[in-house]
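Novice: Sequence:
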Amino acid sequence: MGFFKDLHTVSKQSKEIGRTSDPGARLHEMNAKLAAVNASMVQQTVALAPDAVPCRVQVVSASPTGTIINGEPVMAVQVLVLGDGRPPVPTTVSVAIPSLQLHRLQPGALLAARTSPTDPTSFAFDWASA
Numbered sequence: 001m002g003f004f005k006d007l008h009t010v011s012k013q014s015k016e017i018g019r020t021s022d023p024g025a026r027l028h029e030m031n032a033k034l035a036a037v038n039a040s041m042v043q044q045t046v047a048l049a050p051d052a053v054p055c056r057v058q059v060v061s062a063s064p065t066g067t068i069i070n071g072e073p074v075m076a077v078q079v080l081v082l083g084d085g086r087p088p089v090p091t092t093v094s095v096a097i098p099s100l101q102l103h104r105l106q107p108g109a110l111l112a113a114r115t116s117p118t119d120p121t122s123f124a125f126d127w128a129s130a
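Counting from 1, position 117 in the sequence shown corresponds to residue 117 in our numbering; the numbering is continuous, with no gaps.
I should point out that these hints are in silico values taken from the structure, not numbers from a laboratory.
In this text the structure is predicted, and so the values were computed from the model without any measurement.
The C-beta atom is built at its ideal place from N, Cα and C for all residues, glycine as well.
The calculated label-pair distances, taken between Cβ atoms and stated as ranges, are:
{"no.": "1", "residue 1": "R19", "residue 2": "S61", "range": "34 to 42 Å"}
{"no.": "2", "residue 1": "K15", "residue 2": "D51", "range": "56 to 64 Å"}
{"no.": "3", "residue 1": "D84", "residue 2": "S61", "range": "21 to 29 Å"}
{"no.": "4", "residue 1": "D6", "residue 2": "D119", "range": "57 to 65 Å"}
{"no.": "5", "residue 1": "L34", "residue 2": "Q106", "range": "23 to 31 Å"}
{"no.": "6", "residue 1": "N70", "residue 2": "K15", "range": "34 to 42 Å"}
Full structure from sequences and hints, please.
Specialist: Structural data, given as structure tokens:
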């Protein structure tokens, strides 16, 4: 009898979850996260164009967003973009970070990047550079 009682309990719990969850709200939340990640990828594509210039970025903070793309965590990263001949430009991006590079996102760390010559807030990390 214990098995059937457990099945009944699980059935009641799933019905309760069905009554209290809002799939529309979850879908809206996931669409907003997807839009932010897509915007980040477009920004990186612009920064990797042939006319992109090398720069350095200083990490201010990095925090996980809870999203994973292709096994790589998406992080919200605040940085200062340091380009030659221009003042530091603060920006925040949500970007998928290779797992082997997560240790480099320490506050104060200087990382290699490439940026758009016209928009310093559009940048992409250059993980291949030291």
